[in-house]
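Student: These are the residues of each chain, in order.
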Amino acid sequence: MLGRVSTVRRNNVNLSGPADGRPLVFAHGFGCDQNMWRDVVPAFEADHRIVLFDHVGAGKSDLSAYDPVRYGSLGGYTDDVVELTRELGLTGAVFVGHSVSAMIGALAVAQAPELFDGLVMVGPSPRYIDGDGYTGGFSQADIDELLLSLDSNYLGWSAAMAPAIMGNPGRPELGEELTNSFCRTDPAIASQFARVTFLSDNRDDLAKVGVPTLILQCSEDLIAPDVVGEYVHHAIPGSEFVRLDATGHCPNLSAPAETAAAIGAFLAGHGW
Amino acid sequence: MTAAGADWADLYQHAPCGLISTGPGGRIATVNDTFLDWTGHRREDLAGARFTTVVTTGDRIYFQTHVVPLLRMQGSVREIAITLVCPDGRRLSALLNASMAEGAPDGVARIAVFPAGDRRAYERELLAARRRAEDSDARASQLARTLQASLLPPALPEIAGLELAAVYRPAGRGDEVGGDFYDAFESAPGDWTVILGDVCGKGAAAAAITSLVRHTTRAIAARARDPRTILTALNRVVLGEQSRTQALCFSTLACVRIVTAPPSRPGAAPRISVGLAGHPFPYLVRDGSAPAPVGRRGTLLGVAAAPWLRAVPVALDPGDALVLYTDGVTEARNGHDFWGEKRLEDLLTTLRGQDAATIAQGITDAVLGFQHGNASDDIAIVVLRRP
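Those protein sequences? They're chains A and B, same order as listed.
When the first sequence is numbered by the working numbering, its final residue is 272 and no position is left out of the sequence of numbers.
When the second sequence is numbered by the working numbering, its final residue is 387 and no position is left out of the sequence of numbers.
Excised from the complex, chain A in its bound form (with noise of 0.2 Å):
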């Protein structure tokens, strides 16, 4: 059935800018929605035909399209993204992905090469767990500990707001009702997705990424600290690297015209 819905309504697509401008897809990342890039946007809204959507569980996609077998992994997410990417008969784009959407661009580049030319991973992590070697950061323990806070922090959800924050276009938009919902999910939804994006290990994958790669590192991430982004740098063959000012894990929101300085000179590097 799934295949049978449109992207569009399901992921809550919204375009904007020239419509024959080259494609820069957003993707938000754990938490939160599209809403994410909100002040990042507007830099590229002249040139580029520029895509939002929300992943299903998150901001206003359509709940019911929530199968927690396809969202199981990030591979239901990548599907999504490559439907979304033809369904809109986007050609050339460039994926823009924060936080896990980094990863998910990354499986969606090597899944489908013909739809991206380019791919932007802002706070990128492959693996968040540390192990064999490798740091990611956290501890199994960190992680359960995770789960427990969004369990004490979903309280305040109730089926009754569910419609409303599905996005019925017959009520009105945010009232006060909704404050926190730009970063509200169903709980269970909530709770997979959480485990989804901090026990996946996509560190083979990053060698399957065969496009020009930008990785944004931002300083004191506690989510992707440096050394993760350097394991991702080094780990795609021809990535670029640039270290952001910007503190803390959301560029996007707490810094976004340096953000999108990076991403446009990456953009102009290219040509695109």
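For the record, the hints were derived by calculation from the structure and aren't laboratory data.
Please note: incorrect hints may appear among the correct ones.
In silico negatives: residues of chain B with every beta carbon more than 10 Å from chain A [said to hold, decoys possible]:
#1 D7
#2 A29
#3 G58
#4 P69
#5 I80
#6 G190
#7 R223
#8 A269
#9 P313
#10 G319
#11 K342
#12 T349
#13 G353
#14 F370
Stretches of chain A that chain B covers, calculated by requiring three or more beta carbons in the stretch to come under 8 Å of a beta carbon on chain B [to be verified]:
#15 26-34
#16 142-151
#17 200-211
Small disclaimer: the values here were computed from a predicted structure and weren't measured.
The beta-carbon is built from N, C-alpha and C at its ideal position, and this holds for glycine as well.
For chain A, the structure is supplied; the task is to place chain B on it using the hints.
Tutor: Just chain B now, with coordinates in the frame of chain A:
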């Protein structure tokens, strides 16, 4: 310090909540006495440390992925559950509110934390209770599906010279055992019994009666195959079960006997008789004429010691189909509107000439479509057709 200033300072330091200001990078700039007293942290140790160092690692990830983006996007967050880690290893459950001024550099925020140990403990209990309830629901639903599957034949037999198709569709999400059932079996060479029924009620009690009716039919048919005899014997068994359990239970049943043509005369007409116990009339669907109800109305099983039950012969010519169904078909509801016999007859008219499986599926699709895919009652359909 002025009196007002002293009041302000007292309110800040001894506010009934922990107050923390963070500077760029989320590093702690000032912290009030309440927070220090409460956690046991020393002011000099916290100065310049990231705020997230006073919470668990899990919370730290949650901050980066949820709280920081929210603060940036909406300027404030409320009621975030956190766990503070104290220098002596104690963990304190708390709720956090935070805000940042518009355009402030990343990490610059005002934070208030409230002790919430009792509330959080209670919430955890509620959450655990909900999990148990969800698990229990899932188990009940799994049990219902397994039980339901055991009440229907895993596959339909092949009857020489006839097509046989059946559909069963539980009501709603199928979380409960329904009362509809069917069965088809050969009780002697070339002598077949097909039943379709609807037991009153749902759940375990209905499942028990369904199982009883189904297995008793098989037992009776081993020695007597006439539908009237089978129905009469079943009525006695259902009545006996009622007096045993002191629970009211009854069942409708359509019972069809099919004696296929002998191997020496392949292609000859099968002999078919139909008996009904409180069951909707099956339809005979024949090319060139309107779908016609067949059979005689008989007494529901389990209501009378001397039921009125009859079996009538039905001639099935090549191309004819006999369609049996439960009331989940005709009583399918859309608002105040029932699907009804008229719609069924109209549909059967359009399905004339189709094979048995297509007819059964066509009825199912129409009934589900009428109810927008959410069946209010179980639907069971058996179609017998002579190709």
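Student: If a hint holds in the structure, say so; if it doesn't, say that too.
Tutor: Each hint tested on the structure:
The claim that D7/B lies off the interface holds: its Cβ sits roughly 32 Å from the closest Cβ of chain A, which is beyond the 10 Å cut-off. For A29/B, the shortest C-beta to C-beta distance to chain A comes to about 15 Å, beyond the 10 Å cut-off, and the non-interface label holds. Residue placement check: G58/B does not keep its beta carbon more than 10 Å from all beta carbons of chain A (closest about 3 Å). Not every C-beta of chain A lies more than 10 Å from that of P69/B, the closest at about 5 Å, which undercuts listing it as non-interface.
Not every beta carbon of chain A lies more than 10 Å from that of I80/B, the smallest distance being close to 6 Å; the non-interface claim is violated. No Cβ of chain A comes within 10 Å of the Cβ of G190/B; the nearest lies about 43 Å off, and the non-interface call holds. The non-interface label for R223/B is consistent with chain A: the shortest C-beta to C-beta separation is roughly 48 Å, beyond 10 Å. For A269/B, the condition that its CB be more than 10 Å from all CB atoms of chain A holds, with the nearest at approximately 43 Å.
With a closest Cβ-Cβ approach of about 45 Å to chain A, P313/B is found to remain outside the 10 Å limit, as its non-interface label requires. Every C-beta of chain A lies more than 10 Å from that of G319/B, the closest at about 35 Å, which supports listing it as non-interface. Residue placement check: K342/B keeps its beta carbon more than 10 Å from all beta carbons of chain A (closest about 32 Å). Taking the minimum C-beta to C-beta distance to chain A, about 31 Å, the non-interface status of T349/B holds against the 10 Å cut.
Look at G353/B: its CB is around 30 Å from the nearest CB on chain A, clear of 10 Å, so calling it non-interface holds up. Taking the minimum C-beta to C-beta distance to chain A, about 20 Å, the non-interface status of F370/B holds against the 10 Å cut. Beta-carbon proximity to chain B at under 8 Å applies to 4 residues in the region 26-34 of chain A; the threshold of 3 is reached and the given coverage holds. Check result for the region 142-151 of chain A against chain B: holds, 10 residues qualifying (beta carbon to beta carbon below 8 Å, three or more required).
A stretch counts as covered by a chain when three or more of its residues have a beta carbon under 8 Å from one of that chain; for the region 200-211 of chain A and chain B the count is 0, and the coverage is violated.
Hint compliance for this structure: hints 3, 4, 5 and 17 are broken, all remaining hints hold.
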